[in-house]
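**Student:** Here are the chains, one letter per residue:
2 protein chains.
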Amino acid sequence: MNVRFSERAQGLKASEIRELLKLTEMPEIISFAGGLPAPELFPVEEMEGIVQEVMREQGRAALQYSSTEGFKPLREIIAKERMAPAGVNVTCDDVAVTSGSQQGIEFSAKIFLNEGDIVVCESPSYLGAINAFKAYRPQFVEIPMDDHGMIIEELEKALKEHGNKVKMIYTIPDFQNPTGRTMPDDRRKRVAELAAEYEIPVIEDNPYGDLIYEGERHPSIKSFDKEGWVIYLGTFSKNFCPGLRLGWVCASEQILEKYVVVKQGVDLQCSTFDQRAAALFMQKYDLNKHIEKIKVVYKKRRNLMLDSMTKYFPEGVKFTHPIGGLFTWVELREDLDAKELMKDALAENVAYVPGGPFFPNGGHHNYFRLNYSCMSDEKIVEGVKRLGKVLDKHYK
Amino acid sequence: MNVRFSERAQGLKASEIRELLKLTEMPEIISFAGGLPAPELFPVEEMEGIVQEVMREQGRAALQYSSTEGFKPLREIIAKERMAPAGVNVTCDDVAVTSGSQQGIEFSAKIFLNEGDIVVCESPSYLGAINAFKAYRPQFVEIPMDDHGMIIEELEKALKEHGNKVKMIYTIPDFQNPTGRTMPDDRRKRVAELAAEYEIPVIEDNPYGDLIYEGERHPSIKSFDKEGWVIYLGTFSKNFCPGLRLGWVCASEQILEKYVVVKQGVDLQCSTFDQRAAALFMQKYDLNKHIEKIKVVYKKRRNLMLDSMTKYFPEGVKFTHPIGGLFTWVELREDLDAKELMKDALAENVAYVPGGPFFPNGGHHNYFRLNYSCMSDEKIVEGVKRLGKVLDKHYK
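Here the protein sequences line up with chains A and B, keeping their order. For what it's worth, UniProt numbering labels the leading residue of the first sequence as 1, then goes sequentially. For what it's worth, UniProt numbering labels the leading residue of the second sequence as 1, then goes sequentially.
Be careful, since some hints might not be right.
[Unchecked claim] Derived DSSO-like pairs (lysine-lysine); straight-line CA-CA distance at most 27 Å:
1. B:Lys165 with B:Lys226
2. B:Lys289 with B:Lys299
3. A:Lys226 with A:Lys80
4. B:Lys72 with A:Lys13
5. B:Lys134 with A:Lys165
6. A:Lys226 with A:Lys165
7. A:Lys13 with B:Lys226
8. A:Lys299 with A:Lys311
9. A:Lys134 with B:Lys318
10. A:Lys160 with A:Lys226
11. B:Lys13 with A:Lys165
12. A:Lys226 with B:Lys13
13. B:Lys311 with A:Lys134
14. A:Lys22 with B:Lys72
15. B:Lys165 with A:Lys13
16. B:Lys318 with B:Lys396
17. A:Lys13 with B:Lys134
18. B:Lys134 with A:Lys134
19. B:Lys160 with B:Lys295
20. B:Lys22 with A:Lys72
21. B:Lys13 with A:Lys72
[Unchecked claim] The calculated label-pair distances, taken between Cβ atoms and stated as ranges, are:
22. B:Lys165 with A:Lys72: 38 to 48 Å
23. A:Glu57 with B:Lys80: 28 to 38 Å
24. B:Pro144 with A:Glu46: 50 to 60 Å
25. A:Asp344 with B:Gly163: 46 to 56 Å
26. B:Asp93 with A:Leu23: 14 to 24 Å
Worth flagging that the hints you see were computed from the coordinates, not collected in a lab. C-beta atoms are modelled at their ideal positions from N, C-alpha and C, and glycine is treated no differently.
For reference, chain A alone in the conformation it holds in the complex (with noise of 0.2 Å):
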């Protein structure tokens, strides 16, 4: 059977990375390959009343189809209790909910990418955008980055070199995935202003944000737009519950409007169901508190894996000091292929994500992402510990 897949369907395959996953799925193995949020965290019990009220109280409403911009008073909560927190002063009007932000990612490669068109990133950057733009089949300008993030002048040398071929910058300004290094403030205007400067769209991609473990919220890149180039992406899947699979974009009108057409020939609409429930959750509940204990818990879980790295990794291997989200970077001596280790990884019953598929260029193979926000104080110990071990080796 000779199927013709389309040119962009083609190139998709199972990554590599996701089969090795796979194995890191068996009881034995501590993982810190994932991105998962603590379950134990989840309000599980409050929303068992919640959803049973959904459905005494608006059931014929919440089983029906609904709007696609979404339900309205989720979006009203959205604008107020979390744009605005990020320094965005908007309405319900400029906020369409979309299933997760993976799918306003995927929404902007749509709505401003032609093949071969540039799209501006961090290097590394986050694995699952990389791959819904490559469908798109875009080329990728990678901008090198320091423990602050992107590199404004390499960002505005990209800018020029490459004018109007560039359709999009994409970015994660707080505790990026998968390096969590944190732009400073200064560095977001800058974003800001070039965006407007060369007319580019920012795709803002904050799903972390709220999770600050040292000092207040930063204001997002959007909050510093004046002419309406950013396009914030949100999401509850990291602050609430992933599985509800509700996020948004929040967007000037002419480019919001494309989105929420986008989303209409799509999948019409997000659950009408879990918008209803997540906005009363956020009705009854205060949102704000329930992040403070997530923070409480993945601070520690931070702070002990950090410690238990500068204890159990040999001298030389260097990683990132996050100061919030739910990764940290590790960099290897040059010569080491962070692929192959994971062979030795998981002979010793550990795991993480090597680190060359958040390169969309290819090449940076001595590089690997850790996630500690899914995993008991005592696991992270030790399989830091069997890290360590495996690392030993190469670095005698």
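Got chain A; can you put chain B on it based on the hints?
**Tutor:** Relative to chain A, chain B alone:
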């Protein structure tokens, strides 16, 4: 602000029809324009217990990320209880869960269409599919229909004429949207044979198959598929609850794999909670019994609508007599424009969907679609009466 959208997005606009339909939401209007299931038939009481039980018994898992393919027990139920009655013997491994069948439609375009490729479809066809396909900028070849759906000789002629520029055949064999027409079994068999002969995938979109009011469910086109060229799209939107956004794709391994990889990039997965709730409902209750209840009501409404049309429409107005599904399709005299007539209809506080946009290549303005599933008996009679009054003016 001069935003440079992708070529595909430039053409995407909120459809004229959609704007028109907003007018039909005023309470004084009797609208036959939508395609909503009747909310009074949703199993709200049962679902109240179900959602509570899911949260109580499986809360942490139900709120967490889960697999892209979908919740395995739900896929097992789909294989056993939905695909088998359509004549397709498969296991859960042949099924992936999608956000309604709309997502399966959109993925099909993404997977099979390069710009300029040909989609073969019924003339007219489902508006939501046409719009989803258009984002991939294909050409459409419309196959004329008779009372029994797509005319097979015309299909064969088109396949011969356009050769391997044809990349997929899109068809709704059961109570087609918008015409309500049904393809007899011999035609289904021929479509499957032609797909294999010409090596062209068939997208069999089957949202209404369960809702048959005369006789037994028809075997699906996929039931005649020997080599794996037929991709079956199913949904729980019309036989259960649209608000949960749950559908599925059933296809051969090498094709299904593409749908799963695409879904991974697009939105990771469907709502874990909704999938578990739907599965538990179907474990505890018999969905087919529920469907029997729906059929009794919809059949009565169909009869009432057709009888009223016979009674109140002027002679010369033709309409289809669907044996299932939600719609009947009205043909006016060729010089009449249903979109123009809509103004008169709205003045009489009654609405329909003008038929033009259901023809991807334009033309055919003398048609409109009527829905009878979500309306009280009184409103059906009164609405058809008002429509008759509007039509009478043009049929003196």
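**Student:** So which hints don't hold here, by number, going up?
**Tutor:** Checked against the structure, the hints that fail are numbers 9, 13, 19, while the rest are satisfied.
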